[in-house]
Amino acid sequence: MPKLMIQSIRSVIPATFALLLALAVACGTPDATTENTPTSTAATMVPQQSPQATETSEQPADPANVGERPILNAGVIWLDSPLDPVESGWVANQSGMSENLFRLSATNLSPEPWLAMAAVQTDPSTWEITLRPDVRFHNGNAMDAQAVKASLERTIRLSPASAENLGIDTVSVKDGQTITVTTTDPRPTLPGLLTSPATAITDAAAADAAGEGNFIDAGALTGPYIPTEYVQKERLSSVANDDYWGGTPPLAGIEHLAIPDTNSRELALQAGDIDVAINISPNGAQAINSQPGMHSLTAGIGTSVVMWWVNFERGTLSDPLVLRAVAHAIDRKSIADLVAPEGTGSFAELLLPEAVVSCPGVTAPGYDPDQARNLLAQAGYADSNGDGVLDKDGQPLEIVIGGYPERFRLPIMAEAAQAMLVDVGIQAEVRITEWSVVNEPEWDLFGWFNSVVETGDPVVNVSKYAGIRADASGSGANNYGHYDNARLADIVARAGTVSDIEQRKGIACDALAVVAEESAFLPVAHVYMVYGVSERVTGFEPHPASLYFFDHRIGLAQ
Amino acid sequence: MTSDTEHARQTAPTEARRNGGPSNVGARNPAWATTGGPRRRRQWNALLREPGTALGLLLVMSLLLAGLLAPWLPLDDPTEINLPERLLSPSPEHLLGTDHLGRDTFSRIIHGARMTLLAAAATLILSMTIALTVGILSGYHGGWPDTAMTGVVDLLLAFPPLILALALAGALGPGLFNVMLAASAVWWVGHARIIRGITLGARRMEYVTAARASGAGNLRIILRHIAPNILGPIIVIASLDVGWIILGIAGLNFLGLGAQPPTPEWGAMLNSARPHLQTAPRLPLLPGAAIFVAVLGFNLLGDGLRDLLDPRIRRPGS
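Sequences listed follow chains B and H, in order.
Quick note: the first sequence uses the working numbering, first residue 1, plus one each step.
Quick note: the second sequence uses the working numbering, first residue 1, plus one each step.
Hints listed in this document are in silico derivations from the structure and should not be mistaken for laboratory results.
On a predicted model such as this, the values are computed, not experimentally measured, just so you know.
Built from N, CA and C at the ideal position, the CB exists for glycine as well.
Honestly, I wouldn't trust all of these hints.
What the hints assert, rightly or not - Over 10 Å on every C-beta distance to chain B, these chain H residues come out as not near it, computed from the model:
id, residue
1, ILE81
2, ARG86
3, LEU96
4, TYR140
5, THR150
6, PRO174
7, GLU206
8, LEU219
9, LEU277
Claimed, not checked - Here are some of the chain H residues that sit facing chain B, going by a computed Cβ distance under 10 Å:
id, residue
10, ARG42
11, GLN43
12, THR79
13, GLU80
14, PRO84
15, LEU101
16, ARG103
17, VAL152
18, SER214
19, GLY217
20, ASN218
21, PRO275
22, GLN278
23, THR279
24, ALA280
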């Protein structure tokens with residue numbers, strides 16, 4: 001055997017690794033190669049799910065077959081928050097383990113009863129809430145008025161953010177299934193505020209008795225699935241709650257796996273490792289729809305926004321002229337078409353989607369690079385050294401566009417905006433790192449993905465981004481850009497005592513007009529939650545709010 | 001048959017005497033210096049007739065030319081986006097189509113060659129400089145410096161190099177320069193060990209003894225006698241290493257630790273093409289193929305150079 005031939009073969013091995021790597025990532029389904037085609041997803045509108053309908057449409061499992069019920073595997077982005085609602089509660093809520101007194105309707109995103117039967121506002125600061133009579137916690141204790149009172153009091157005691165949002169003064173038991181809630185000031189949207197996962201109902205006595213770190217042992221939740229093991233950021237195991245008030249789930253349990261990378265989630269579904277992939281990309285939906293045995297589903301309502309925070313505390317964009325120039329320089333609509341093509345989202349002219357509030361005539365600065373150049377010239381910037389980058393007092397005009405990779409749209413948005421800013425002479429550096437970097441003053445624009453339909457109230461959702469509460473009485477938690485505007489606070493303050501939803505929408509539009517005019521945020525697209533689902537999965541109803549879909553009706557055909 | 005190194009070892013003292021003293025031994029002593037001329041040309045010609053080496057040289061030269069001339073070639077701006085033209089299939093206007101932001105893929109591949117080769121060359125030079133310094137000093141000096149350096153090398157060799165580079169690049173922060181630093185910081189270790197071994201052998205040679213006897217200082221002996229004699233094996237190591245360095249740097253860039261948008265770099269391109277791996281497979285395939293071609297070219301060329309310079313291999317034309 002010629003030695004040179006052996007050596008040549010050996011030298012090819014590393015290169016072959018590279019080619020195999022490329023082939024491995026490149027080989028897809030032959031039918032999925034159509035390019036430049038809008039992703040088509042199967043749009044499924046979820047009918048409104050009233051508590052009564054839930055009870056009557058249950059699919060009780062045959063107790064004789066309980067041992068043979070399948071386990072569903074789900075791939076989710078995050079498994080990072082503790083299960084105890086007072087410590088966030090998002091994971092427990094999404095995983096079908098915790099439930100609230102109210103939840104958001106799938107059709108109009110307004111609050112509807114869940115563990116409650118009804119709510120009546122008897123005066124501006126008093127609500128009377130009637131509870132379901134047939135609910136038990138996972139530990140078997142009854143969820144009655146006394147238990148709900150204790151749960152709300154525990155929430156207020158252990159979660160300062162919830163306490164501030166709810167503004168609850170006292171909770172009293174009227175009878176076995178009715179509580180009376182008084183608030184420190186008028187809370188016309190209290191049922192909406194009680195949809196927050198952090199206010200999920202828990203068996204307070206059991207949770208407190210279990211002690212810190214032993215929340216699972218308390219059996220303190222009420223949902224159709226009982227958590228059995230939770231390794232944060234890895235997996236969350238659950239078994240069916242056969243005594244669930246809505247009916248016995250057809251599954252033996254659900255295994256939730258944290259798969260932060262979108263591609264990996266999509267491929268895990270295609271490989272059969274999971275049965276449901278939460279939040280897949282337009283390209284992934286296209287590939288999944290072309291595969292036999294699986295399809296994508298969406299509720300077809302954009303309830304989350306992809307946007308950029310504007311850092312008002314960093315020098316560059318604190319100049320209103322430069323900020324407005326940046327707003328004109330970025331073609332948000334083209335970027336929206338890029339990251340949320342038809343069937344997966346729509347252009348976000350304003351922060352809130354039309355599903356929550358429609359504001360005719362309210363617009364944000366549009367794409368106009370010439371206007372951007374004029375504004376920058378007015379701000380004193382010029383290309384003094386001919387390098388294509390504007391400068392002033394010897395300092396080049398540079399901004400940092402931050403973001404995080406788990407939301408696949410954010411890096412693409414950043415790169416597109418970077419190129420658009422270069423066109424008007426602004427040097428932009430893209431830094432895709434971690435979402436927690438938003439708390440650090442190292443960026444000028446920061447890509448963000450978040451729900452904008454929480455509580456179902458438009459005023460709340462404008463206010464929390466703008467750093468003020470819905471009653472304009474305090475500081476909001478989400479104001480990462482440190483935006484501060486007294487005019488906006490005055491507008492939001494008008495909502496303090498208004499309970500009529502149309503009037504509240506009018507106030508929200510006034511507030512949106514202010515933040516749009518000042519480019520306080522740069523929204524890009526309202527995106528749908530798109531799910532990849534194996535055809536073996538039955539009873540899966542996508543909900544626009546990216547919650548509530550792991551309910552007692554979801555099953556898995558054997 | 002006598003190898004070049006053996007020939008050099010045998011002739012060195014004689015040549016040293018012929019040239020008036022040990023100071024000239026090293027200069028005359030390198031393998032390729034003592035056996036140059038027509039014989040060496042014959043070996044080169046024979047090597048180039050080897051299909052593998054010729055192909056390697058062709059690929060490497062093509063990449064070097066493409067990388068060097070990229071700014072002056074009639075290509076589209078590799079960073080200019082054109083959203084209406086995104087994900088276009090190959091056409092006369094866009095030979096390899098466009099990417100998810102409408103950028104010309106061919107232009108990005110060609111400019112990517114420039115980035116990749118530049119990063120690989122910088123990493124190689126930096127890591128070899130460290131390895132030569134540590135290896136020669138350790139092998140020549142012996143004693144506690146050798147013990148200390150060997151200990152450090154053994155310690156670093158205990159870590160998988162790519163994982164260590166990953167940790168360093170992560171600590172330094174994203175950027176192509178930082179990736180080059182991180183790769184250099186881990187790549188020198190194995191080389192230092194090899195160079196130490198070669199130096200240990202070289203310092204026992206008679207020409208070194210002769211140089212020392214004639215009063216030459218350590219620095220002069222290292223620079224004039226040791227270094228030139230170990231250069232052959234080092235060139236072989238380096239040439240065979242370029243491929244792995246390209247792969248390593250591309251891997252770090254793939255993970256987002258290196259070149260940042262919109263820099264056209266093959267590993268970063270592979271990463272940004274991931275969302276399209278099923279709907280537009282050419283997007284990840286093309287930068288992957290470019291990495292393949294580069295690694296293949298350097299490895300084939302490296303094999304050829306080893307055949308030419310490694311005395312233990314029977315080479316054509318000898």
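Where does the structure disagree with the numbered hints, that is, which hint numbers, in rising order?
1, 2, 6, 9, 10, 11, 17, 18, 19, 20
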